[in-house]
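Participant: For reference, the chains in residue letters:
Number of protein chains: 4
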Amino acid sequence: MNITLAQAEKIISVAKEKSIAIDTKMNIAIVDAGANLVAFGRMDGAWLGSLDISIKKAKTARYFDMNTGIIGELSQPGGALYNIEHSNNGLITFPGGVPIKNAAGEIIGAIGVSGSSVENDHAVAEAGASAI
Amino acid sequence: MNITLAQAEKIISVAKEKSIAIDTKMNIAIVDAGANLVAFGRMDGAWLGSLDISIKKAKTARYFDMNTGIIGELSQPGGALYNIEHSNNGLITFPGGVPIKNAAGEIIGAIGVSGSSVENDHAVAEAGASAI
Amino acid sequence: MNITLAQAEKIISVAKEKSIAIDTKMNIAIVDAGANLVAFGRMDGAWLGSLDISIKKAKTARYFDMNTGIIGELSQPGGALYNIEHSNNGLITFPGGVPIKNAAGEIIGAIGVSGSSVENDHAVAEAGASAI
Amino acid sequence: MNITLAQAEKIISVAKEKSIAIDTKMNIAIVDAGANLVAFGRMDGAWLGSLDISIKKAKTARYFDMNTGIIGELSQPGGALYNIEHSNNGLITFPGGVPIKNAAGEIIGAIGVSGSSVENDHAVAEAGASAI
Chain L
684 MNITLAQAEK
694 IISVAKEKSI
704 AIDTKMNIAI
714 VDAGANLVAF
724 GRMDGAWLGS
734 LDISIKKAKT
744 ARYFDMNTGI
754 IGELSQPGGA
764 LYNIEHSNNG
774 LITFPGGVPI
784 KNAAGEIIGA
794 IGVSGSSVEN
804 DHAVAEAGAS
814 AI
Chain W
684 MNITLAQAEK
694 IISVAKEKSI
704 AIDTKMNIAI
714 VDAGANLVAF
724 GRMDGAWLGS
734 LDISIKKAKT
744 ARYFDMNTGI
754 IGELSQPGGA
764 LYNIEHSNNG
774 LITFPGGVPI
784 KNAAGEIIGA
794 IGVSGSSVEN
804 DHAVAEAGAS
814 AI
Chain Y
684 MNITLAQAEK
694 IISVAKEKSI
704 AIDTKMNIAI
714 VDAGANLVAF
724 GRMDGAWLGS
734 LDISIKKAKT
744 ARYFDMNTGI
754 IGELSQPGGA
764 LYNIEHSNNG
774 LITFPGGVPI
784 KNAAGEIIGA
794 IGVSGSSVEN
804 DHAVAEAGAS
814 AI
Chain B
684 MNITLAQAEK
694 IISVAKEKSI
704 AIDTKMNIAI
714 VDAGANLVAF
724 GRMDGAWLGS
734 LDISIKKAKT
744 ARYFDMNTGI
754 IGELSQPGGA
764 LYNIEHSNNG
774 LITFPGGVPI
784 KNAAGEIIGA
794 IGVSGSSVEN
804 DHAVAEAGAS
814 AI
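Protein chains in written order, with this note's numbering: chain L, 684 to 815; chain W, 684 to 815; chain Y, 684 to 815; chain B, 684 to 815.
To be clear, the hints were calculated from the coordinates, so they are not data collected in a lab.
Because the structure is a prediction, the values reported are computed rather than measured.
Any given hint could turn out to be false.
Same chains, same label: a pair holds when it works inside one copy or across any pair of copies.
[As the list claims (entries may be wrong)] The calculated DSS-like cross-link candidates involving lysine-lysine, where the alpha carbons are at most 27 Å apart (straight line), are: (1) K784 - K699; (2) K693 - K708; (3) K708 - K784.
Build the full structure now, drawing on both the sequences and the hints.
Facilitator: Spelled out as structure tokens, the structure:
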């Protein structure tokens, strides 16, 4: 099972609405089950540096099938996965990346959001992932 | 002047319609005046390898403010720009990348399309670039 | 549909037999439908430089769902896809990469072989791809 | 002395058995004495992001001829090898990488395992390294 472009565009649309609702400007990236980009949108005025971060968050969430923030808890100094960020051409392990599941609960892709606080990034990612 | 996300999404929508009309499956990338990705869409079943190519075509078109195919004519063996593809982390210099201009004729971004023959790629890119 | 590890190991086993039968030493790489490595084997004494080439051939074959040699014909100076090799962190476009299909004809991955002449590389890749 | 492909395949086979015995899905990479990949297998459903990590663990273990976890203890903030992970195109320094020795005690390669907790990763790597 793999996410479709129509699903990815729906998710980006919902994520944009959420982003506007909380007064933020986001980069929003969607990857498929193979961790390859399916759709992307950068809202006007969003941070340029968040472009790459949003894509890396989406990839990271699919690479390990979990929210990126969970990995970040384990990759701290002294943690079990310290410096895991050096793998896969760079991971982003703070919140804002969330797996996307279909109705059957299978992971079909992931969303990565970047452009505000990590709390806001995560909230927008959750809103997007819940849209299908 | 810079392309907006709304404009980029409009361009992708028109490019998708053109792609369907000529029975192809495309990766479509839009970059802004700073050559940074604004929006992207990969149609279901489009070649995976065209993902990176579409983004590189869009960047290449904006890097030099001309259609990618023109650069490709100059980058041949013996040509004035031989192997220019080695710069900028990789250029793509065959057709499918086209600058996007506003009503005043100013370049505000570029579109890159990949997924079929270079003739089809260019036709879809032109259709998209003409949408605004 | 995606290739399984058991299928990939079967393919490598058959490719090794073919390689021995024609007195060559090969690097053999198998990627899945997402172009990610599933299995790999380097025969004793095979060229070290062919390690990366075999992986890139497998990825290239899946990126464009065709034999790598076909792309190489189009990427020559003056060809439609000249210097496409600069995309996707490096393609290999001479023979030795072949898509892998299931019984229903769906592409589920690809094999890349490197270590001898391109004719031998392709023959071993074909033998492997035909094993399932 | 260098590991053979037959030895590497034997090690992967034993590592897979161990992985199944403890109910995990692993990426398993074997490098030779030159730190170059010899064999690799990704079990069905194993994390995609662990592909690169398993290879980096195997390379790291051979680069320094010790278990990766030992390096990780020295690479912490304030430690003697702080941020050594930036070298060699990225090291992974948490457990799961183990040198492979022949009967004479000479190091002939290394195994890297990734896909579960670092304790499980290390247990599977140890089982593999002990297979010859």
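Participant: So, for every hint listed, does it hold in this structure?
Facilitator: Hint-by-hint comparison with the structure:
For a Cα distance limit of 27 Å, the shortest separation of K784 from K699 qualifies both inside one copy, at 19 Å, and across copies, at 25 Å. For the homomeric pair K693 and K708, the shortest alpha-carbon distances inside one copy (18 Å) and between copies (19 Å) are both at most 27 Å. In this assembly of identical chains, the alpha carbons of K708 and K784 lie at most 27 Å apart whether taken from the same copy (25 Å) or from different copies (20 Å).
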